[in-house]
Amino acid sequence: AAGVIQSPRHLIKEKRETATLKCYPIPRHDTVYWYQQGPGQDPQFLISFYEKMQSDKGSIPDRFSAQQFSDYHSELNMSSLELGDSALYFCASSSRGNTIYFGEGSWLTVV
Amino acid sequence: QKEVEQNSGPLSVPEGAIASLNCTYSDRGSQSFFWYRQYSGKSPELIMSIYSNGDKEDGRFTAQLNKASQYVSLLIRDSQPSDSATYLCAVNPNNNDMRFGAGTRLTVKP
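Protein sequence lines correspond, in order, to chains U and C.
Numbering of the first sequence is given in our numbering, commencing with residue 1 and proceeding in unit increments.
Numbering of the second sequence is given in our numbering, commencing with residue 1001 and proceeding in unit increments.
It is worth saying that the hints were derived from the structure and are not from the lab.
Just so you know, not all the hints are guaranteed correct.
Each pair of labels, with its calculated beta carbon distance range [said to hold, decoys possible]:
| hint | chain 1 | residue 1 | chain 2 | residue 2 | range |
| --- | --- | --- | --- | --- | --- |
| 1 | U | Gln54 | C | Asn1066 | 29 to 37 Å |
| 2 | U | Lys57 | C | Ser1069 | 24 to 32 Å |
| 3 | U | Gly38 | C | Ser1082 | 46 to 54 Å |
Result set (EDC-like, lysine to aspartate or glutamate): computed pairs, CA atoms no more than 20 Å apart in a straight line [unchecked claim]:
| hint | chain 1 | residue 1 | chain 2 | residue 2 |
| --- | --- | --- | --- | --- |
| 4 | U | Lys13 | U | Asp56 |
| 5 | C | Lys1067 | C | Asp1078 |
| 6 | U | Lys15 | U | Glu104 |
| 7 | U | Lys57 | C | Asp1055 |
| 8 | U | Lys15 | U | Asp56 |
| 9 | C | Lys1042 | U | Glu104 |
| 10 | C | Lys1042 | C | Glu1015 |
| 11 | C | Lys1042 | U | Asp85 |
| 12 | C | Lys1067 | C | Asp1083 |
| 13 | C | Lys1002 | U | Glu104 |
| 14 | U | Lys57 | C | Glu1057 |
C-beta: ideal position from N, C-alpha, C; glycine also.
Looking at chain C on its own, in the form it has when it is part of the complex (with noise of 0.2 Å):
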């Protein structure tokens, strides 16, 4: 089993709806998670970072931490073509180092 999972994609959502994103992770102890945005070629860029459970709010993105699921998930509300792209989570189970999940590939459709 992989440490972090997600579902690849494609996602397509139209321009204005919401677009969920899930992730698991199967580190129990693990106590930071990330979401980063990729665009194709580029370096990931840091969206959101949640370290408690519940729900955390930044613009149109929200985080969304289960800890006792082992589940976090990102929201984007009033989402844009410019949103496009393939998010990436990230769980730092042990401060040492990052591990990321496949991504999912979103298309926000105009």
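Pulled out of the complex, with its shape left as it was, chain U reads as follows (with noise of 0.2 Å):
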């Protein structure tokens, strides 16, 4: 069955640049997630997306911004990155209101 799927797996950027993660969730699943997850750390919910409209928002920097496009991949933007944002991101999927599935997840060092 077919999978969320996160890209990249591995990002290394460093401080102040900017960096673009990449979600395509489960066929038919009209809803996406974005998690950060620091090493250690339990996942931290960041920005929640129904039908294309941001439905939730956690604990998302202002330097962070997310959205769901028509084909119902979402993209997570970080800008002037800092050391700790290095950490990896988990995008999931669900539809609405059932089970949240993962993707694999995209590890983001900041050097």
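Relying on the hints, combine the two individually framed chains into one complex.
Quick look at the structure:
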């Protein structure tokens, strides 16, 4: 079965640079979620989209933005990167109200 | 107070024993509860979901929910070394997103 696809899997950026992560949800899933997981930390909810509209917002920094496109894929844009942004970023999808399934994650390292 | 609380562990049990993982949540209106297993550097993998009070069994796993006490637990019977992972309790308070606990690290010793 198709799963949540994230790209790139690994990314290295310098401080103050910009990074973009992409997420392709499971087909027919209408909701996309972004989570950030630092080393040894639990996943922290950043933002979610339902039917291409932002549905909820968590601890997403102002330097980050995200959107969901007409084909339901989503992109997380991170600007003015800081060392503390180094983390594993998960995208997840669901059919609204049902179980959330995670992608394999994108490792971001800021140096 | 964090929305979802778990004992961070680590919890260590011998192979074949029962591992008991506990979780409490703060949003009394929550309706959906999940246990995810996460191996280091990997994405969380759904183990169990539970929506109504009582027990739900799936193989060696049993989830228990008590909404009055705002408490959900996961029992792993006949624990295996391959069960060694971090277990994340997750609560879906409003069908918009999932809130996670900090996770309990479980080690099953051969």
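Going through the hints against the structure:
With their beta carbons about 34 Å apart, Gln54 (chain U) and Asn1066 (chain C) fall inside the hinted range of 29 to 37 Å. For the pair Lys57 (chain U) and Ser1069 (chain C), the supplied restraint of 24 to 32 Å holds, since their beta-carbon distance comes to about 30 Å. Take Gly38 (chain U) and Ser1082 (chain C): their Cβ atoms lie about 26 Å apart, and the range 46 to 54 Å is violated. A threshold of 20 Å between alpha carbons decides the hint, and for Lys13 (chain U) with Asp56 (chain U) the separation of about 28 Å lies outside it, so the pair is violated.
Between Lys1067 (chain C) and Asp1078 (chain C) the alpha-carbon distance is near 27 Å, which puts this suggested pair outside the 20 Å criterion. The hinted pair formed by Lys15 (chain U) and Glu104 (chain U) fails the criterion: a straight-line CA distance of about 25 Å is larger than 20 Å. Restraint check for Lys57 (chain U) and Asp1055 (chain C): the C-alpha separation of about 32 Å exceeds 20 Å, so the hint is violated. For the hint linking Lys15 (chain U) to Asp56 (chain U), the alpha-carbon distance of about 28 Å lies beyond 20 Å, and the restraint is violated.
For a cut-off of 20 Å, the pair hint linking Lys1042 (chain C) to Glu104 (chain U) stands: about 6 Å separates their Cα positions. For a cut-off of 20 Å, the pair hint linking Lys1042 (chain C) to Glu1015 (chain C) is broken: about 23 Å separates their Cα positions. For the hint pairing Lys1042 (chain C) with Asp85 (chain U), the CA-to-CA distance comes to about 18 Å; that is within 20 Å, so the pair holds. As the CA atoms of Lys1067 (chain C) and Asp1083 (chain C) are separated by approximately 27 Å, the hinted pair breaks the 20 Å bound.
Taking the CA atoms of Lys1002 (chain C) and Glu104 (chain U), the gap is near 26 Å; set against the 20 Å cutoff, the hint is violated. Using a Cα cut-off of 20 Å, the hinted pair Lys57 (chain U) and Glu1057 (chain C) is violated, with the two alpha carbons roughly 34 Å apart.
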